[in-house]
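Put together the whole structure using the sequences plus the hints.
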Amino acid sequence: MLLKKIVIAEDDDAIAHMVNMALGDAGFLCLRARDGEEALKLVKAHDPDLLVLDVMMPRVDGLEVARRLKADVMWSRTPILMLTALAGIDDQVQGLEAGADAYMSKPFDLREMGARVKALIRSARRERNRNPTTNLPGSRAIDEEIEGALKSGKPTAVVHVDILNFD
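With this note's numbering, letter number 124 in the sequence shown gets 124, and the count goes up by one each step, no holes.
No lab work stands behind these hints, which were simulated from the structure alone. Don't be surprised by glycine CBs; every beta carbon is placed ideally from N, CA and C. Some hints here could point you the wrong way.
[Said to hold, decoys possible] Calculated lysine to any residue pairs in the SDA-like style (CA-CA distance at most 25 angstroms, straight line):
| no. | residue 1 | residue 2 |
| --- | --- | --- |
| 1 | Lys41 | Pro58 |
| 2 | Lys151 | Leu164 |
| 3 | Lys5 | Leu29 |
| 4 | Lys44 | Arg32 |
| 5 | Lys106 | Ile15 |
[Said to hold, decoys possible] Pairwise CB distance ranges, derived in the manner of DEER restraints:
| no. | residue 1 | residue 2 | range |
| --- | --- | --- | --- |
| 6 | Ala87 | Glu145 | 36 to 42 angstroms |
| 7 | Ala149 | Ala71 | 38 to 44 angstroms |
| 8 | Met74 | Val159 | 33 to 39 angstroms |
Okay, structure coming up:
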(Lines of atoms letter the chains of each structure in order from A and count residues from 1; the text may use other names and numbers.)
(Lines give C-alpha, C1' and ligand atoms only; values in the text may rest on other atoms or scores of the structure.)
Protein backbone atom coordinates (compact mmCIF):
# COMPACT_ATOMS: atom_id res chain seq x y z
CA MET A 1 0.00 0.00 0.00
CA LEU A 2 1.31 3.45 -0.91
CA LEU A 3 1.89 5.92 1.89
CA LYS A 4 -0.63 8.74 2.10
CA LYS A 5 1.05 12.02 1.14
CA ILE A 6 0.58 15.21 3.14
CA VAL A 7 1.82 18.67 2.24
CA ILE A 8 2.64 20.66 5.37
CA ALA A 9 2.63 24.40 4.62
CA GLU A 10 4.14 26.09 7.67
CA ASP A 11 6.72 28.88 7.84
CA ASP A 12 7.69 28.17 11.48
CA ASP A 13 10.47 25.55 11.37
CA ALA A 14 9.82 24.22 14.89
CA ILE A 15 6.09 23.67 14.29
CA ALA A 16 6.70 22.18 10.84
CA HIS A 17 9.25 19.77 12.31
CA MET A 18 6.87 18.73 15.12
CA VAL A 19 3.97 18.16 12.68
CA ASN A 20 6.24 16.31 10.26
CA MET A 21 7.54 14.01 13.01
CA ALA A 22 4.06 13.25 14.37
CA LEU A 23 2.53 12.53 10.96
CA GLY A 24 5.63 10.69 9.74
CA ASP A 25 5.50 8.46 12.82
CA ALA A 26 1.83 7.80 12.00
CA GLY A 27 2.86 6.44 8.60
CA PHE A 28 2.38 9.47 6.35
CA LEU A 29 4.83 10.78 3.76
CA CYS A 30 5.20 14.50 4.54
CA LEU A 31 6.33 17.21 2.13
CA ARG A 32 7.19 20.65 3.55
CA ALA A 33 6.39 24.05 2.09
CA ARG A 34 7.60 27.25 3.77
CA ASP A 35 5.06 29.54 2.10
CA GLY A 36 1.82 29.41 0.15
CA GLU A 37 3.44 29.65 -3.25
CA GLU A 38 5.63 26.63 -2.52
CA ALA A 39 2.58 24.78 -1.15
CA LEU A 40 0.69 25.27 -4.41
CA LYS A 41 3.66 23.92 -6.38
CA LEU A 42 3.98 20.86 -4.12
CA VAL A 43 0.27 20.10 -4.38
CA LYS A 44 0.37 20.22 -8.16
CA ALA A 45 3.58 18.16 -8.36
CA HIS A 46 2.71 15.46 -5.81
CA ASP A 47 -1.12 15.25 -5.65
CA PRO A 48 -1.26 14.87 -1.84
CA ASP A 49 -4.04 13.17 0.10
CA LEU A 50 -4.27 16.15 2.47
CA LEU A 51 -2.85 19.62 3.07
CA VAL A 52 -1.96 20.96 6.53
CA LEU A 53 -2.02 24.70 6.04
CA ASP A 54 -0.93 27.62 8.20
CA VAL A 55 -2.83 30.85 7.56
CA MET A 56 -0.12 33.46 8.13
CA MET A 57 2.65 32.66 5.65
CA PRO A 58 4.83 34.77 3.36
CA ARG A 59 4.09 35.42 -0.32
CA VAL A 60 0.68 33.69 -0.52
CA ASP A 61 -1.25 33.23 2.72
CA GLY A 62 -3.08 30.05 3.66
CA LEU A 63 -6.54 31.47 3.00
CA GLU A 64 -5.59 32.26 -0.59
CA VAL A 65 -4.01 28.81 -1.04
CA ALA A 66 -7.26 27.22 0.14
CA ARG A 67 -9.35 29.41 -2.18
CA ARG A 68 -7.19 28.58 -5.21
CA LEU A 69 -7.20 24.84 -4.55
CA LYS A 70 -10.95 24.64 -3.91
CA ALA A 71 -11.61 26.65 -7.10
CA ASP A 72 -9.57 24.20 -9.21
CA VAL A 73 -11.45 21.03 -10.18
CA MET A 74 -8.21 19.01 -9.99
CA TRP A 75 -7.62 19.85 -6.32
CA SER A 76 -11.05 20.83 -5.00
CA ARG A 77 -11.49 17.46 -3.26
CA THR A 78 -8.13 17.56 -1.48
CA PRO A 79 -8.92 17.99 2.22
CA ILE A 80 -7.38 20.97 4.00
CA LEU A 81 -6.65 21.20 7.71
CA MET A 82 -5.95 24.78 8.78
CA LEU A 83 -3.44 24.88 11.63
CA THR A 84 -2.98 28.44 12.83
CA ALA A 85 -2.43 30.85 15.71
CA LEU A 86 -5.59 32.73 14.68
CA ALA A 87 -8.04 31.31 17.20
CA GLY A 88 -11.03 33.66 17.06
CA ILE A 89 -14.43 32.55 15.80
CA ASP A 90 -14.22 35.05 12.92
CA ASP A 91 -10.83 33.59 11.95
CA GLN A 92 -12.22 30.05 12.00
CA VAL A 93 -15.25 31.05 9.92
CA GLN A 94 -12.99 32.82 7.43
CA GLY A 95 -10.77 29.72 7.15
CA LEU A 96 -13.70 27.37 6.66
CA GLU A 97 -15.30 29.70 4.12
CA ALA A 98 -11.99 29.88 2.22
CA GLY A 99 -12.14 26.10 1.79
CA ALA A 100 -10.65 24.48 4.89
CA ASP A 101 -12.33 21.22 5.86
CA ALA A 102 -11.17 21.49 9.47
CA TYR A 103 -9.54 24.16 11.61
CA MET A 104 -7.21 23.80 14.60
CA SER A 105 -5.74 26.62 16.66
CA LYS A 106 -2.18 26.72 17.99
CA PRO A 107 -1.16 25.45 20.45
CA PHE A 108 -2.63 22.09 19.47
CA ASP A 109 -2.45 18.50 20.62
CA LEU A 110 -0.51 16.25 18.23
CA ARG A 111 -2.78 13.26 18.91
CA GLU A 112 -5.88 15.30 18.05
CA MET A 113 -4.20 16.62 14.91
CA GLY A 114 -3.29 13.08 13.84
CA ALA A 115 -6.84 11.87 14.46
CA ARG A 116 -8.28 14.78 12.45
CA VAL A 117 -5.87 14.09 9.58
CA LYS A 118 -6.89 10.42 9.48
CA ALA A 119 -10.60 11.31 9.67
CA LEU A 120 -10.33 13.86 6.86
CA ILE A 121 -8.50 11.39 4.61
CA ARG A 122 -11.07 8.64 5.38
CA SER A 123 -13.93 11.00 4.61
CA ALA A 124 -12.35 12.18 1.35
CA ARG A 125 -11.71 8.58 0.28
CA ARG A 126 -15.33 7.61 0.95
CA GLU A 127 -16.52 10.61 -1.05
CA ARG A 128 -14.27 9.76 -4.02
CA ASN A 129 -15.33 6.11 -3.95
CA ARG A 130 -19.05 6.85 -3.94
CA ASN A 131 -21.12 6.29 -7.09
CA PRO A 132 -22.65 9.68 -7.99
CA THR A 133 -25.84 8.11 -9.36
CA THR A 134 -26.72 5.73 -6.53
CA ASN A 135 -24.71 7.33 -3.71
CA LEU A 136 -23.52 3.80 -2.85
CA PRO A 137 -19.90 2.63 -2.68
CA GLY A 138 -18.45 2.56 -6.20
CA SER A 139 -16.19 0.06 -7.92
CA ARG A 140 -12.99 1.29 -6.25
CA ALA A 141 -14.52 0.87 -2.78
CA ILE A 142 -15.79 -2.58 -3.74
CA ASP A 143 -12.34 -3.56 -5.04
CA GLU A 144 -10.74 -2.39 -1.77
CA GLU A 145 -13.20 -4.47 0.28
CA ILE A 146 -12.56 -7.57 -1.84
CA GLU A 147 -8.79 -7.07 -1.58
CA GLY A 148 -9.04 -6.70 2.21
CA ALA A 149 -11.17 -9.84 2.50
CA LEU A 150 -8.75 -11.85 0.37
CA LYS A 151 -5.75 -10.66 2.39
CA SER A 152 -7.47 -11.62 5.64
CA GLY A 153 -7.45 -15.29 4.61
CA LYS A 154 -11.00 -15.79 5.86
CA PRO A 155 -13.51 -17.63 3.65
CA THR A 156 -15.16 -15.04 1.44
CA ALA A 157 -17.97 -15.01 -1.10
CA VAL A 158 -18.58 -12.09 -3.43
CA VAL A 159 -21.45 -11.23 -5.74
CA HIS A 160 -20.94 -8.12 -7.86
CA VAL A 161 -23.96 -6.85 -9.79
CA ASP A 162 -23.50 -3.98 -12.22
CA ILE A 163 -26.47 -2.37 -13.94
CA LEU A 164 -25.58 -1.24 -17.44
CA ASN A 165 -27.05 1.99 -18.83
CA PHE A 166 -28.52 2.91 -15.44
CA ASP A 167 -29.60 6.55 -15.57
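May I ask you to test the hint 38 to 44 angstroms on the CB atoms belonging to Ala149 and Ala71? holds, 39 angstroms
Agreement of Lys5 and Leu29 with the hint, judged by alpha carbon distance not exceeding 25 angstroms: holds, 5 angstroms
What's the verdict on Lys151 and Leu164, does the C-alpha distance respect the 25 angstroms limit or exceed it? violated, 30 angstroms
CB of Met74 to CB of Val159, is that within 33 to 39 angstroms? holds, 35 angstroms
Are Lys41 and Pro58 close enough, with their CA atoms no more than 25 angstroms apart? Holds, at about 15 angstroms.
Lys44 and Arg32 were given as a pair; does the straight-line alpha-carbon distance stay at or below 25 angstroms? holds, 14 angstroms
Hinted pair, alpha-carbon criterion (25 angstroms max): Lys106, Ile15. Please report holds or violated. holds, 10 angstroms
Starting from the range 36 to 42 angstroms, see whether the pair Ala87 and Glu145 falls in it by beta-carbon distance. holds, 40 angstroms
The structure does not agree with numbered hint 2 stated previously, though it agrees with all others.
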